[in-house]
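K.L.:
Which chain is which? The protein sequence lines are A and B, in order. Numbering-wise (the working numbering), the first sequence opens with residue 272 and increments by one. Numbering-wise (the working numbering), the second sequence opens with residue 209 and increments by one.
Please keep in mind that the hints were generated in silico from the structure rather than gathered at the bench. Treat the hints with care, as some may be off.
[As the list claims (entries may be wrong)] Straight line, CA to CA, 16 Å or less: simulated EDC-like cross-link-like pairs of lysine to aspartate or glutamate:
hint, chain 1, residue 1, chain 2, residue 2
1, A, Lys311, B, Asp549
2, A, Lys273, A, Glu293
3, B, Lys553, A, Asp289
4, A, Lys311, B, Asp482
5, B, Lys618, B, Glu602
6, B, Lys553, A, Asp303
7, B, Lys486, B, Glu474
8, B, Lys653, B, Asp625
9, B, Lys553, B, Asp512
10, B, Lys653, B, Asp482
11, A, Lys378, B, Asp512
[Unchecked claim] Covered by chain B, according to a simulated footprint, are these stretches of chain A (three or more residues, beta-carbon under 8 Å):
hint, stretch
12, 272 to 279
13, 296 to 302
14, 354 to 368
15, 371 to 379
Idealized CB from N, CA, C, for every residue including glycine.
In case you want the letters, here they are:
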Amino acid sequence: MKISREEVLRVAQLAHLDLAPEEVETYRGQLDEILSYVGKLQELDVSGVEPMTQLRPRNAGGESSTSGAAADADPELRDDVVVPCDVANTVLAEAPDAAKPFFRVPKVIER
Amino acid sequence: MSAATPWTIATVRDALLAKKISARELAKDFFAHIERRNPELNAFLALCPQRAFAQADSVDAAVAKGQPLPPLAGVPVAVKDVISTQGVRTTCGSKILETYTPPYDATAIERLEKAGAVILGKTNCDEFAMGSSNENSAYGPVRNPVALDRVPGGSSGGSAAVVAAGLSVISLGTDTGGSIRQPGAYCGIPAMMPTYGRVSRYGLIAFASSLDRIGPFATTITDAATVMSVIAGHDSNDSTSADEAVPDYLAQMAKTIAGLRIGVPEDYFGKGLDFEVKAKVEAGIALLEKLGCTRVPLKMPHTDYAIATYYVVATAEASSNLARYDGVRFGLRVQGNTLMDMYRKTRERGFGPEVKRRIMLGTYALSSGYYDAYYLRAQKVRSLIARDFSDAFEKVDAILTPTAPTPAFKLGEKTADPLEMYLADIYTVTGSLAGIPGISVPCGKTSAGLPIGMQIFASHFGEARILQLARAFEKAGGFAI
Numbered sequence: 272m273k274i275s276r277e278e279v280l281r282v283a284q285l286a287h288l289d290l291a292p293e294e295v296e297t298y299r300g301q302l303d304e305i306l307s308y309v310g311k312l313q314e315l316d317v318s319g320v321e322p323m324t325q326l327r328p329r330n331a332g333g334e335s336s337t338s339g340a341a342a343d344a345d346p347e348l349r350d351d352v353v354v355p356c357d358v359a360n361t362v363l364a365e366a367p368d369a370a371k372p373f374f375r376v377p378k379v380i381e382r
Numbered sequence: 209m210s211a212a213t214p215w216t217i218a219t220v221r222d223a224l225l226a227k228k229i230s231a232r233e234l235a236k237d238f239f240a241h242i243e244r245r246n247p248e249l250n251a252f253l254a255l256c257p258q259r260a261f262a263q264a265d266s267v268d269a270a271v272a273k274g275q276p277l278p279p280l281a282g283v284p285v286a287v288k289d290v291i292s293t294q295g296v297r298t299t300c301g302s303k304i305l306e307t308y309t310p311p312y313d314a315t316a317i318e319r320l321e322k323a324g325a326v327i328l329g330k331t332n333c334d335e336f337a338m339g340s341s342n343e344n345s346a347y348g349p350v351r352n353p354v355a356l357d358r359v360p361g362g363s364s365g366g367s368a369a370v371v372a373a374g375l376s377v378i379s380l381g382t383d384t385g386g387s388i389r390q391p392g393a394y395c396g397i398p399a400m401m402p403t404y405g406r407v408s409r410y411g412l413i414a415f416a417s418s419l420d421r422i423g424p425f426a427t428t429i430t431d432a433a434t435v436m437s438v439i440a441g442h443d444s445n446d447s448t449s450a451d452e453a454v455p456d457y458l459a460q461m462a463k464t465i466a467g468l469r470i471g472v473p474e475d476y477f478g479k480g481l482d483f484e485v486k487a488k489v490e491a492g493i494a495l496l497e498k499l500g501c502t503r504v505p506l507k508m509p510h511t512d513y514a515i516a517t518y519y520v521v522a523t524a525e526a527s528s529n530l531a532r533y534d535g536v537r538f539g540l541r542v543q544g545n546t547l548m549d550m551y552r553k554t555r556e557r558g559f560g561p562e563v564k565r566r567i568m569l570g571t572y573a574l575s576s577g578y579y580d581a582y583y584l585r586a587q588k589v590r591s592l593i594a595r596d597f598s599d600a601f602e603k604v605d606a607i608l609t610p611t612a613p614t615p616a617f618k619l620g621e622k623t624a625d626p627l628e629m630y631l632a633d634i635y636t637v638t639g640s641l642a643g644i645p646g647i648s649v650p651c652g653k654t655s656a657g658l659p660i661g662m663q664i665f666a667s668h669f670g671e672a673r674i675l676q677l678a679r680a681f682e683k684a685g686g687f688a689i
């Protein structure tokens with residue numbers, strides 16, 4: 272068994288999801304099956320392989336794909352120019368509970 | 209094709225210029241057709257006639273004045289409901305965004321409208337684009353217009369169905385692990401996933417940011433190429449969009465394919481591949497050989513690890529991206545006694561089962577103690593999969609595979625087993641992980657009349673190469689092979 276009931280509850284808590292009691296076992300079984308399948312990744316020898324964190328074509332070859340140098344050489348930074356972004360009211364209009372200029376939420380700090 | 213004469217971008221243009229029909233009349237015809245057909249297909253979630261007619265009227269005004277028409281003038285287009293449209297409800301197929309109306313347009317939408325396209329409405333999809341059958345939509349499944357008891361594929365099932373049914377001339381979908389190409393194959397139409405970074409993701413509501421791409425569905429390769437030429441290109445609002453020149457796809461695609469080397473990886477033709485799909489794709493490859501291509505057998509040894517890699521990487525990114533749905537700034541809020549209580553209740557009520565499953569899987573893969581074993585390892589295997597491709601593209605100009613292991617399956621057939629559903633993406637996720645472009649083109653039908661798709665991959669920014677092969681295949685009758 273890859274994942275226990277307790278772990279499902281812990282993960283749900285981390286993900287801010289409330290699960291109904293009957294859902295816990297369903298998800299446990301399904302996650303267990305998926306994690307067992309994903310376990311095949313352990314078969315491969317990945318020593319010396321860099322994780323892929325860039326999708327730039329010249330780096331698509333694997334091992335060299337994430338060197339910080341390659342990323343730094345072509346940082347694709349745009350000029351830092353101030354542009355107007357007067358959207359507060361538009362954005363707040365979508366909020367379930369807004370008290371302009373704020374989003375209102377249940378009390379966070381006690382006393 | 210249900211319409212007697214399916215419209216294409218070119219026939220719309222010709223009809224407008226010849227004043228045989230106005231853009232407004234055309235849009236009206238399409239809305240009437242949608243009204244008749246959509247109840248059984250459930251492919252559109254929302255229509256935006258006001259916006260469509262306003263755009264159509266401006267096209268008609270340009271025609272009346274004899275002004276030059278932009279490339280998509282008056283062309284009806286449908287948009288997957290994960291792409292933001294200002295003032296038009298955008299739900300992502302989720303209850304958590306049931307009332308959400310974006311305050312801005314995605315860059316792809318802006319470009320389509322600037323090119324004269326008439327947006328008809330938003331198409332149904334799996335919730336947050338998570339699924340391979342469109343059965344994960346909170347608004348009910350889409351039916352495949354070719355066979356109503358079957359799924360249209362997913363997650364862009366609605367976008368594929370509306371074009372296949374003639375309810376729109378073209379559409380936009382999104383592809384994270386196969387979500388454009390697989391429904392294209394199931395519904396029997398061309399469907400293209402561009403290179404990562406080729407089309408701006410600005411305004412695309414994120415599922416897995418290192419994998420998500422926007423791309424077109426069409427009925428012809430020429431139309432797919434025309435849409436690509438409109439939506440491709442750099443956008444300063446998407447820091448991952450590439451600052452690469454956009455080639456003239458229509459000109460490039462007309463070139464001869466004689467002499468091109470096409471790679472055929474044996475790893476894509478093994479266990480689990482339906483025999484009719486295999487036979488048709490083999491026939492498709494033979495046709496390309498007849499047209500002068502050289503077949504090169506390939507081995508891509510990490511193919512078998514792609515689904516496992518994908519479901520770690522994609523769910524990890526999703527668990528992070530979907531943290532924003534907390535009931536505070538937009539969408540659903542379920543009241544709670546505390547802030548945490550509100551978050552949990554909102555997410556419990558708002559998300560469907562597959563989305564919760566993926567959020568939990570991703571949270572688990574990123575959690576302390578498991579990060580190295582799952583996420584970090586998957587990112588390393590992803591490098592190996594990408595290297596399989598870069599090694600292959602040293603030897604070949606394109607790679608040919610089936611798009612999906614089977615034709616469209618029946619509604620309800622795979623809903624009980626999430627893992628089995630994931631395996632429908634077995635041939636498409638590889639290209640997603642590598643960041644390369646791919647297309648699915650129609651490649652005949654099964655004896656039961658179900659469409660089969662053939663997939664063509666090229667190296668990064670090789671869209672023109674893909675379109676060139678796809679166009680030659682189409683011209684030689686490959687779609688009906």
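K.L.:
Now, for every hint given, state plainly whether the structure supports it.
P.N.:
Status of each hint after checking the structure:
1. The hinted pair formed by Lys311(A) and Asp549(B) fails the criterion: a straight-line CA distance of about 37 Å is larger than 16 Å.
2. Note on Lys273(A) and Glu293(A): the hinted pairing is violated, with a Cα-Cα distance of about 19 Å set against a maximum of 16 Å.
3. Annotation: proposed proximity of Lys553(B) to Asp289(A) holds, straight-line Cα distance about 6 Å (limit 16 Å).
4. Simply put, Lys311(A) and Asp482(B) have alpha-carbon atoms about 24 Å apart, too far for the 16 Å limit, and the pair is violated.
5. The suggested pairing of Lys618(B) with Glu602(B) is violated, with an alpha-carbon distance near 40 Å, which exceeds 16 Å.
6. At most 16 Å may separate the alpha-carbon atoms for a hinted pair to count; Lys553(B) and Asp303(A) exceed this at roughly 25 Å.
7. Annotation: proposed proximity of Lys486(B) to Glu474(B) holds, straight-line Cα distance about 11 Å (limit 16 Å).
8. A C-alpha spacing of about 27 Å is found between Lys653(B) and Asp625(B), which places the hinted pair above 16 Å, so the restraint is violated.
9. Our distance criterion of 16 Å between C-alpha atoms is broken by Lys553(B) and Asp512(B), whose separation comes to about 39 Å.
10. About 12 Å separates the Cα atoms of Lys653(B) and Asp482(B), which keeps this hinted pair within 16 Å; it holds.
11. A distance of roughly 50 Å separates the Cα atoms of Lys378(A) and Asp512(B); the hinted pair therefore is violated under the 16 Å criterion.
12. With a threshold of 8 Å between beta carbons, the proposed coverage of the stretch 272 to 279 of chain A by chain B holds, since 3 of its residues qualify and at least three are required.
13. Coverage of the stretch 296 to 302 of chain A by chain B holds. Counting CB-CB distances below 8 Å, 3 residues qualify, and the rule asks for three or more.
14. Coverage of a stretch by a chain is defined here by at least three residues with a beta carbon nearer than 8 Å to that chain's beta carbons; for the stretch 354 to 368 of chain A and chain B the count is 8, and the condition holds.
15. Proximity of the stretch 371 to 379 of chain A to chain B, defined as three or more residues with a beta carbon under 8 Å from a beta carbon of that chain, is established by the 5 residues found.
In terms of the numbered hints stated before, the structure departs from hints 1, 2, 4, 5, 6, 8, 9 and 11, listed from lowest to highest.
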